[in-house]
Amino acid sequence: MASRRNWTILVIVAGAVMLLSGCENANQIAMKIGVPPDSAVKARALETRRFDTSDEPSMLASATQTLQDLGFTISESQAAVGVLVGSKQRDAEETKQVVGQIVLTVVLAALGTQYTPVWDKDQNIDAMLLVTPIENSKQVEVRVSFDRQVRNTQGQIRGELILDETIYQQFFEKLAASVFLEAHKI
Amino acid sequence: MISRAVATILIVFSVLCLAACQTPPQTRNVVLSTKSAVELRAMQSRAFETTDRIKTLRTVIATLQDLGYKVDKVEPEAGTVSATKLAVLRLTATVYPHGTTQLTVRANALVKLQNGDSQVDDPEFYQKLFFEPLSKAMFLAALNIQDDDDPSKSSESRNNEQNSAGTGNQLPAKKN
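Chains as they are written, first to last, in this note's numbering: chain G, 1 to 186; chain S, 187 to 362.
Bear in mind the hints are in silico, worked out from the structure with no lab data behind them. Quick caveat: nothing in here was measured; it's all calculated off a predicted structure. From the three backbone atoms N, C-alpha and C, an ideal C-beta is built for every residue, glycine too. Careful: at least some of the hints might be erroneous.
[As the list claims (entries may be wrong)] Restricting the straight-line Cα-Cα distance to at most 27 Å, the calculated cross-link-like pairs of lysine-lysine (DSS-like) are:
hint, chain 1, residue 1, chain 2, residue 2
1, G, LYS138, S, LYS241
2, S, LYS314, G, LYS32
3, G, LYS32, S, LYS259
4, S, LYS314, S, LYS259
5, S, LYS298, G, LYS121
6, G, LYS174, G, LYS138
7, S, LYS314, G, LYS42
8, G, LYS88, G, LYS174
9, G, LYS88, S, LYS298
10, G, LYS42, S, LYS241
11, S, LYS241, S, LYS314
12, S, LYS259, G, LYS174
13, S, LYS298, S, LYS221
14, S, LYS322, G, LYS42
15, S, LYS298, G, LYS32
16, G, LYS32, G, LYS138
17, S, LYS241, S, LYS259
18, G, LYS88, S, LYS259
19, S, LYS221, G, LYS32
20, G, LYS32, S, LYS322
21, G, LYS138, S, LYS221
[Said to hold, decoys possible] If you want the footprint, here are the derived chain G segments under chain S, 3+ residues with CB under 8 Å:
hint, segment
22, 78-87
23, 157-165
Please construct the entire structure, taking both the sequences and the accompanying hints into account.
Now the structure itself:
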């Protein structure tokens with residue numbers, strides 16, 4: 001009798017261990033998320049520009065204004081190391097996705113299955129900008145990277161790097177225009 | 187005797203009442219590594235042959251940006267930087283002197299999970315996903331320093347830079 005009880009306990013413990021090992025631990029998550037993006041080289045080209053100035057502080061000031069023009073709130077700014085960080089919150093609802101989910105819910109309901117529609121609700125866009133003086137030249141390198149965290153109607157968050165060429169193109173056009181104007185002001 | 191018992195009950199009751207008013211703890215629980223401090227320090231730190239703290243900090247930040255992190259906080263005086271990747275992986279790096287000719291970079295990573303944060307204690311993570319890219323960046327930065335000593339080399343590299351600026355999709359700002 002007693003041995004049978006021990007068996008039951010053993011099976012329960014083994015089951016629990018198997019269930020637990022199914023979950024990823026912190027190290028596995030870190031190894032998965034920490035890997036450099038596949039498109040690291042492409043991203044670097046996309047995100048980096050050089051400017052013919054050695055005036056790093058005014059470059060940072062112009063970049064701050066450009067980010068503010070784009071609706072970002074500055075959360076961190078350290079001129080000593082050329083860092084600028086900002087974020088903004090935006091709506092992430094897309095008609096196509098919402099309609100698709102509602103149609104799916106209706107169809108599944110007609111088939112007798114309950115389904116909760118899920119779509120992207122809002123997003124937080126982060127911008128990080130780094131100004132680096134280039135050794136032995138009168139140039140500075142400006143690298144900006146955007147990423148976003150999208151929250152769906154269930155409150156789940158997924159993060160992704162933004163690698164859309166037009167976004168970076170537009171940012172640098174604005175920044176170049178801003179530097180140009182300021183150069184005139186003096 | 188009875189009054190003492192009553193007093194005890196009253197005290198216990200009032201303590202229970204007070205405990206009910208207590209708000210639940212606001213801080214997220216952090217699961218720290220069970221590995222020893224020595225082991226953690228070994229996997230989390232590397233020494234570099236330089237004494238320029240700001241420049242090293244800049245290289246650390248540039249490496250983090252390259253890896254897809256977003257900086258949350260930088261403190262140049264203290265030589266620290268905290269960054270997060272995709273709202274899940276948080277890494278703090280510190281740059282501090284090691285002897286008179288070296289600097290130590292120490293990194294500590296946390297994974298933000300739903301039920302709390304968990305410290306990363308896998309040596310492979312620190313080596314492959316932080317120190318290897320950082321070493322490459324530090325090496326490139328060191329090469330740039332050497333350029334100062336050799337004027338012919340520096341003018342050559344400058345020309346190369348200008349050439350690459352012309353052919354790439356770079357957008358030189360106009361300067362009057």
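Evaluation of the provided hints:
{"no.": "1", "hint": "G:LYS138 / S:LYS241", "in the structure": "18 Å, holds"}
{"no.": "2", "hint": "S:LYS314 / G:LYS32", "in the structure": "12 Å, holds"}
{"no.": "3", "hint": "G:LYS32 / S:LYS259", "in the structure": "24 Å, holds"}
{"no.": "4", "hint": "S:LYS314 / S:LYS259", "in the structure": "24 Å, holds"}
{"no.": "5", "hint": "S:LYS298 / G:LYS121", "in the structure": "22 Å, holds"}
{"no.": "6", "hint": "G:LYS174 / G:LYS138", "in the structure": "21 Å, holds"}
{"no.": "7", "hint": "S:LYS314 / G:LYS42", "in the structure": "21 Å, holds"}
{"no.": "8", "hint": "G:LYS88 / G:LYS174", "in the structure": "18 Å, holds"}
{"no.": "9", "hint": "G:LYS88 / S:LYS298", "in the structure": "21 Å, holds"}
{"no.": "10", "hint": "G:LYS42 / S:LYS241", "in the structure": "25 Å, holds"}
{"no.": "11", "hint": "S:LYS241 / S:LYS314", "in the structure": "22 Å, holds"}
{"no.": "12", "hint": "S:LYS259 / G:LYS174", "in the structure": "26 Å, holds"}
{"no.": "13", "hint": "S:LYS298 / S:LYS221", "in the structure": "19 Å, holds"}
{"no.": "14", "hint": "S:LYS322 / G:LYS42", "in the structure": "18 Å, holds"}
{"no.": "15", "hint": "S:LYS298 / G:LYS32", "in the structure": "13 Å, holds"}
{"no.": "16", "hint": "G:LYS32 / G:LYS138", "in the structure": "39 Å, violated"}
{"no.": "17", "hint": "S:LYS241 / S:LYS259", "in the structure": "17 Å, holds"}
{"no.": "18", "hint": "G:LYS88 / S:LYS259", "in the structure": "17 Å, holds"}
{"no.": "19", "hint": "S:LYS221 / G:LYS32", "in the structure": "21 Å, holds"}
{"no.": "20", "hint": "G:LYS32 / S:LYS322", "in the structure": "21 Å, holds"}
{"no.": "21", "hint": "G:LYS138 / S:LYS221", "in the structure": "48 Å, violated"}
{"no.": "22", "hint": "78-87", "in the structure": "holds (count 6)"}
{"no.": "23", "hint": "157-165", "in the structure": "holds (count 4)"}
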